[in-house]
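Colleague: As given, the protein sequences belong to chains A and B, one line each in that order.
Residue numbers for the first sequence follow full-length UniProt numbering, beginning at 1 and rising by one.
Residue numbers for the second sequence follow full-length UniProt numbering, beginning at 1 and rising by one.
No wet-lab data here; the hints were simulated from the structure.
From a predicted model like this one, the values you see are computed outputs, not experimental measurements.
Think of the CB as a built atom: it goes at the ideal place given N, C-alpha and C, for glycine as much as any other residue.
Check before you lean on any hint, since a few could be wrong.
Claimed, not checked - Computed spacing ranges between beta-carbons, pair by pair: (1) A:111 - B:238: 44 to 50 Å; (2) A:130 - B:112: 29 to 35 Å; (3) A:135 - B:266: 26 to 32 Å; (4) B:178 - A:162: 37 to 43 Å.
Unchecked claim - For lysine-lysine, the following BS3-like pairs were computed, each having C-alpha atoms within a straight-line distance of at most 30 Å: (5) B:135 - A:167; (6) A:186 - A:143; (7) B:56 - B:66; (8) A:99 - B:272; (9) B:190 - A:98; (10) A:72 - B:115; (11) B:190 - B:111; (12) B:272 - A:167; (13) B:90 - A:98; (14) A:86 - B:66; (15) B:66 - B:135; (16) B:188 - B:176; (17) A:105 - B:42; (18) B:115 - B:42; (19) A:86 - B:93; (20) B:135 - A:72; (21) B:90 - A:99; (22) B:190 - A:86; (23) A:143 - B:272.
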Amino acid sequence: MANSSSILQQLGCFRSLVSRPNTMLQTPSVAGRRMLSTVWSAKPKPVPLPKELPEQFLAQLPHRMRPELAPKKRKIPRPPPGPACKDPVGEVVQRQLKKLDPFGKRRELFDYRRHARSVKPGDIIRVTFKNGDPFSGVVLSIKLRGVDTSVLLRNQLTRVGVEMSVKVYSPNVESVEIVQRTEKRKRRARLYYLRQPRHDIGSVENIVTKYLRQKRALTGGVKSNKKR
Amino acid sequence: MSPRLSNQLAHTSSCSIWSFRHAIYRQVPVRTFGIRSLNPPKTSRFDVGPGLPVLKSSPTAALERKANTLPLRTGAIAIKKGMTGMYDAKSGKRIACTVLQLDRLEVVSHKTLQKHGYFAVQMGAGWRRATNLTKSLLGHFSANGVSPKRHVYEFRVKDESGLLPVGQAVNADWFKVGQYVDARSNSKGKGFAGVMKRHGFGGQDRSHGVSLTHRSLGSAGPSQGGGSRVYPGKKMAGNMGNEQNTIQNLEILQVDQVNGIVVVNGSISGPKGCVVRIQDALKKPWPRVAPVSKSS
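Starting from the given sequences, assemble the full structure and let the hints guide the process.
Modeller: Quick look at the structure:
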């Protein structure tokens, strides 16, 4: 049984093979075999609705075309003008600076990138405060941050290394004096290597007292601070 | 959208008129907005009567309960622009402060007790292209005569007197220097964080046989005595940050009406450019201001 069916199958295959050339002859040319959907045709032009359409036909129209159901035009108000200030933080900072440093003296003194005569890293400065002792030390770094501009000073008190960060624009800072400038321009902006024992300058007290003595001699013994 | 009738109702349409109406009243849900109880009280004849207290589970009663803790006037939507410092005039101490900016802040609509169950002012800030909005939102804005807004938030107020007229602009001078506000914003997102960062767990030893679990949590719970399960709410690793945080009682240090700048004492959660909602502080006396400022 199985034998005969396999034979029949083969025969069937054979018949299909034989019949193929016939069908090839019957098929039309390639151009004629294109699908109907791929044939290009012009976009139909929209036919305008007849005016004065009788009312009974209106129900057949889609909603958007019906006069009473057509979507209404929304009136969208224009947005009001936005705030003119694009940098509010800068604005607030500038206003603060104008109040704290009206003549720009402090700024000149510490903006070391723009002013040649300003304090530079490596200088020895003396800061006097409204409340408390004056502090003097070597300038390790100057952080230029608008109102938060600060100077890091290093000194030695009782042979212990002391550092103090002074906010330059703080109203507590009464005056800043340059005691001694660096002999040579420092080739770094942050002199943190001065913390290492072999680079440490140590106490600047001697230099400061010498400076104060000189100053007193020049000003005729009147105790006054050079305020900048 | 009107509530739809259920299928069950559709079948009863062939019944008599009386039963139909009865079915409608039973089937159509009562629409309540705003405050809604999860377990609505069932009216019982034993609950009401002379000498019995009035039940406190209605929107009106809820509003009465909140009367002391709801601000009298609306707040403002602001954008966090960054932080800077200021010096205290008396002590000369530096104060850290946050700079906020109001951008085209306007009243968009109201929520009222009669319609929504509570009083609130819906505020909108910034601007948005009308083409980028959904039709529903566009309709909402145009119906109220307000330009499309980027950020829309509600601020609850105590009663009608706190409802500013729709379309009124709110400027930085809405807040007075020296008054206190609560600022709420989303904190900075930290992504999927481990337990040490997220919950401050101690982690495990660097050595002593610990391998590959130096920053993971120890045990997640007790064994058989505790039920052999992890209790709900167990602190574990997961998404950290980017959740709303309110910081209370921040003093207003500066106000600049022209530029819409409000400077607030201290820090506020979230990155620069995040949306901050500021409203009169709950834990301080309400600021003394005119009922409704006329400035636009």
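Colleague: Determine for every hint whether it applies to the structure shown.
Modeller: Here is what the structure says about each hint:
1. Distance hint for residue 111 of chain A and residue 238 of chain B: a CB-CB separation of about 48 Å, consistent with the stated range 44 to 50 Å.
2. Distance hint for residue 130 of chain A and residue 112 of chain B: a CB-CB separation of about 56 Å, inconsistent with the stated range 29 to 35 Å.
3. Hint check: residue 135 of chain A to residue 266 of chain B, Cβ distance near 29 Å, so the stated range 26 to 32 Å holds.
4. The given range of 37 to 43 Å is respected by residue 178 of chain B and residue 162 of chain A, whose C-beta atoms sit roughly 39 Å from each other.
5. About 55 Å separates the Cα atoms of residue 135 of chain B and residue 167 of chain A, which puts this hinted pair outside 30 Å; it is violated.
6. About 16 Å separates the Cα atoms of residue 186 of chain A and residue 143 of chain A, which keeps this hinted pair within 30 Å; it holds.
7. In summary, the hint linking residue 56 of chain B to residue 66 of chain B is supported, as the alpha carbons are separated by about 12 Å, within the 30 Å threshold.
8. Straight-line distance between C-alpha atoms of residue 99 of chain A and residue 272 of chain B comes to about 26 Å, which keeps the hinted pair within the 30 Å bound.
9. Annotation: proposed proximity of residue 190 of chain B to residue 98 of chain A is violated, straight-line Cα distance about 38 Å (limit 30 Å).
10. Between residue 72 of chain A and residue 115 of chain B, the direct Cα distance comes to roughly 26 Å. Compliance with the 30 Å bound is thereby established for this hinted pair.
11. Proposed proximity of residue 190 of chain B and residue 111 of chain B is contradicted: the alpha carbons are some 35 Å apart, above 30 Å.
12. With a CA separation close to 25 Å, the supplied pair residue 272 of chain B and residue 167 of chain A stays within the 30 Å bound.
13. Taking the CA atoms of residue 90 of chain B and residue 98 of chain A, the gap is near 18 Å; set against the 30 Å cutoff, the hint holds.
14. For a cut-off of 30 Å, the pair hint linking residue 86 of chain A to residue 66 of chain B is broken: about 40 Å separates their Cα positions.
15. Among the hinted pairs, residue 66 of chain B with residue 135 of chain B is inconsistent with the structure: their alpha-carbon atoms are about 35 Å apart, more than 30 Å.
16. With a C-alpha separation of about 28 Å, the suggested pairing of residue 188 of chain B with residue 176 of chain B holds against the 30 Å cut-off.
17. Distance restraint check for residue 105 of chain A and residue 42 of chain B: the Cα-Cα separation of roughly 77 Å exceeds the 30 Å cut-off, and the hinted pair is therefore not satisfied.
18. A C-alpha spacing of about 23 Å is found between residue 115 of chain B and residue 42 of chain B, which places the hinted pair at or below 30 Å, so the restraint holds.
19. Between the alpha carbons of residue 86 of chain A and residue 93 of chain B the distance comes to roughly 29 Å, so the proposed pair stays at or under 30 Å and holds.
20. About 12 Å separates the Cα atoms of residue 135 of chain B and residue 72 of chain A, which keeps this hinted pair within 30 Å; it holds.
21. Straight-line distance between C-alpha atoms of residue 90 of chain B and residue 99 of chain A comes to about 15 Å, which keeps the hinted pair within the 30 Å bound.
22. With a C-alpha separation of about 28 Å, the suggested pairing of residue 190 of chain B with residue 86 of chain A holds against the 30 Å cut-off.
23. At roughly 22 Å between alpha-carbon atoms, residue 143 of chain A and residue 272 of chain B fall within 30 Å of each other, so this suggested pair holds.
In terms of the numbered hints stated before, the structure departs from hints 2, 5, 9, 11, 14, 15, 17, listed from lowest to highest.
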